[in-house]
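S.K.: In case you want the letters, here they are:
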Amino acid sequence: MQHVARVSIVREETAAPAIEVAGVSHVYAGREGAVPALDDISLSVGAGRFTVIVGPSGCGKTSLLMMMAGLRHQSSGIINIAGQPITDPDPRRVGVVFQEASLYPWLTALDNIEFPLALRHAPREERRRRAEEMLTLVGLQGFGSRYPHELSGGMKQRVSIARGLVQDPPVLLMDEPFAALDEQTRMTMGHELLRIWEKTNKTVVFVTHSLTEAVYLADEVLVMSARPGKIIDRIPITLARPRTYEMMATDVFGRLRDRIWQQIRTG
Amino acid sequence: MRRPSPTAVRWMILLAVLAVWEILPRGGFIAELLLPPLSKTLMALFHERAQYAMAMVVTLYEVGFAMLIACGGGIIVGALIGGLALLRKLLLPVFSSLYAVPIVILYPIFTAWFGIGSESKILFAGVYGFFPVMLSTAAGIRTIEEQLLVAARSMGATVPQQITRVIIPAAIPTVLTGLRLGGALTIIGVVVSEMLTSAAGIGYLVTSYRTVLDSPHVFAAVLMILVFSVLFDAFARFVERKTLIWQTAGRRERTTARPDTRIASAAAPA
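From first to last, the protein sequence lines stand for chains H and G.
Residues 1 to 267 in our numbering are what the first sequence spells out, letter by letter.
Residues 1 to 270 in our numbering are what the second sequence spells out, letter by letter.
Since the hints were made in silico from the structure, they are not lab data.
Since this is a predicted model, take the numbers as computed values, not measurements.
It is possible that some hints are incorrect.
A few chain G residues that face chain H, going by a derived Cβ cut-off under 10 Å, partial list only [what the hints assert, rightly or not]: (1) Ile116; (2) Gly117; (3) Glu145; (4) Gln147; (5) Leu148; (6) Val150; (7) Arg153; (8) Gln161; (9) Ile163; (10) Pro169.
Even glycine gets a Cβ: it sits at the ideal position worked out from N, Cα and C.
Please model the entire structure based on the sequences and the hints provided.
M.R.: Written out as C-alpha cells, the structure reads:
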C-alpha cells in the first residue's frame, strides 16, 4: 500500500483562480413554462488544477461547461476566465474538446489541428509548426496526413485535444471526451491526458459519467444534483501524482468512488 | 477456370447485346423496321454525320444552358431553403410536392410562351433538373452535424467563416449527388422537349425519322443520346468519387464495428 502512504502529497493551489463561476443560474423556456436548469452555481478552479464534474444525466453539467466556453449564455451570474468575464467563445482563453464527431472529415489531422489558427489567418508556416508540435505532444507523430476516418476513436480524440490546445489557452474544457471509446482505449486516453496536462500546466474542467475516470483524473470532483443542477459536494482527490493504474485497486480509490456514487444517488 | 472480374463481365454483356443487335435482324428473327442491324445503324450515322453533328451541337447547347439554370438556381434556392427556417417551412413542402408532378405536361405552355426554338427547351429542361439539385442542396445543408458548427464557434469562427469553412464543405457530397441526378434529368428534359415540338436537335431527329419510318436513322439518333447520357453519368460519378473519398469512407466506418483494430501497425497509439 505504498500509494496510500503518499496520499497527502497534493498540488498546491496557486493564488489566482483560472475559472470563477459566481451565482450562475439558468432557466430555459420549456413546453410547460420556465424550466430551472442550473441553480446558483458558484465555484472556483485554481490555475493548473484538474477539476472533474459528475452528476446524473440532464443535471446541466454540459450546459455549465458550454457556458464556461462562451457557447451558451446563462440567465444570471458571471463566469470569469483568466480574470475576464466570458460571454462569447474565445479560443485564446478557452480550448474545448467535445465528445466525438467534431473533427472535420474533409480535413487531415494536421489541417484539423490548424483550423483555429486558420480562422484568424495565422501565417502558414506558424500554423504548420504549431500543429506539428501539438501532434507530437499528443503522441501522433507521423499521422498528420491521415483523415479522421483513417484514425481510431482514441486517435481522433487525441487530434481533438491537440486542436483544443493549439492556441495555447490557459483553460481546457472537456465534455465527456472519452465517452464513446471502449474501456481499454478510455483507460489509455485518461493516462495520456494526465501526461499532456502535466506537461502543459493547463487548467482542465472535465465532464464525465464515469466515476472511475473522475477519481483517476481529478484534483477535485464536483458532484451535481439532478435538475435544477446544483453543486452538492466537492471531493478533493488526495491520491498522489503521477497517478498509476494500480491506484484503482486501493481502498482509498474505492472509498472516493463510493462517496461520489452515494452523493449522486441521494442528491 | 479463373472467375472473370465484374468489369470484364460487364464488357462481355455489352458486347453480347451489340452482337444480338446485329444478329437478330440479320437472321430475320426481327423485322428490320423494328430493329435495324447495328451495322446499318452505324452506316446511317456515318452517312448523315454532318446532320447528326449539327443536331448534337444544338442539343449540347441547350443542355449546357439548362444545366446552368438547374444547377445554379437549384444550389442558390436550395441553400436559402436549407439555411433559413422560415423559407424552409413555407416553401419546402410546396417544392417537394411539385417535384412529384410530371412537369412534362407543362411543356406545351412553355412552347406557347417561348416559341419552339431553343429557349423553351432550355427553360423546360432547366426547371425539370432544378428540383433534385434544389432538394438535395437543402437537405445537405439541413443535415449538417450540429456538433461541427458548435466546434467551429468554440474556435472563434465568425458566421461567414462557419458558412465557407464548415457548411459548404459539409454539404458538398449531398449537393454533388443532386447535381448528378439533376444533370441527368436536364438531358431527359431537353431530348423529350425536342421530340415533342421542335425543329432541331437530336430528339427532333428521332421524331422526324420515325415519321418517315427510317429505322436506321432513328436508332442512330437513339444511340447518340444513349452514349451521351452514359458519358455524362460516368463523368459525374468520377467527379463525385474524387471529391467524396472521405465521405464514403466515413459512411462505411459508421456501419461497421469500431475502427480501432483497422490500424494494424503496432506502433499506433490508442
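S.K.: Each hint needs a verdict: does it hold in this structure or not?
M.R.: Hints, one by one, checked against the model:
1. Checking isoleucine 116 of chain G against chain H by beta carbon gives a least distance of about 46 Å; that is not within 10 Å, so the hint is violated.
2. Interface restraint check: glycine 117 of chain G against chain H, minimum CB-CB distance 43 Å, threshold 10 Å, status violated.
3. About 6 Å separates the beta-carbon of glutamate 145 of chain G from the nearest beta-carbon of chain H, less than 10 Å, and the hint is met.
4. Restraint check, glutamine 147 of chain G versus chain H: the minimum CB separation of about 5 Å is within 10 Å; hint holds.
5. Restraint check, leucine 148 of chain G versus chain H: the minimum CB separation of about 6 Å is within 10 Å; hint holds.
6. Interface hint at valine 150 of chain G: satisfied, since its Cβ lies 6 Å from the closest Cβ of chain H, which is below the 10 Å cut-off.
7. Among the interface hints, the one on arginine 153 of chain G holds; its C-beta lies about 5 Å from the nearest C-beta in chain H, closer than the 10 Å criterion.
8. The beta carbon of glutamine 161 of chain G is positioned within 10 Å of a beta carbon in chain H (closest approach about 6 Å), and the interface hint is therefore held.
9. Interface restraint check: isoleucine 163 of chain G against chain H, minimum CB-CB distance 13 Å, threshold 10 Å, status violated.
10. Against a cut-off of 10 Å between C-beta atoms, the interface hint on proline 169 of chain G holds, since the closest Cβ of chain H lies about 5 Å away.
Hint compliance for this structure: hints 1, 2, 9 are not met, and every other hint is.
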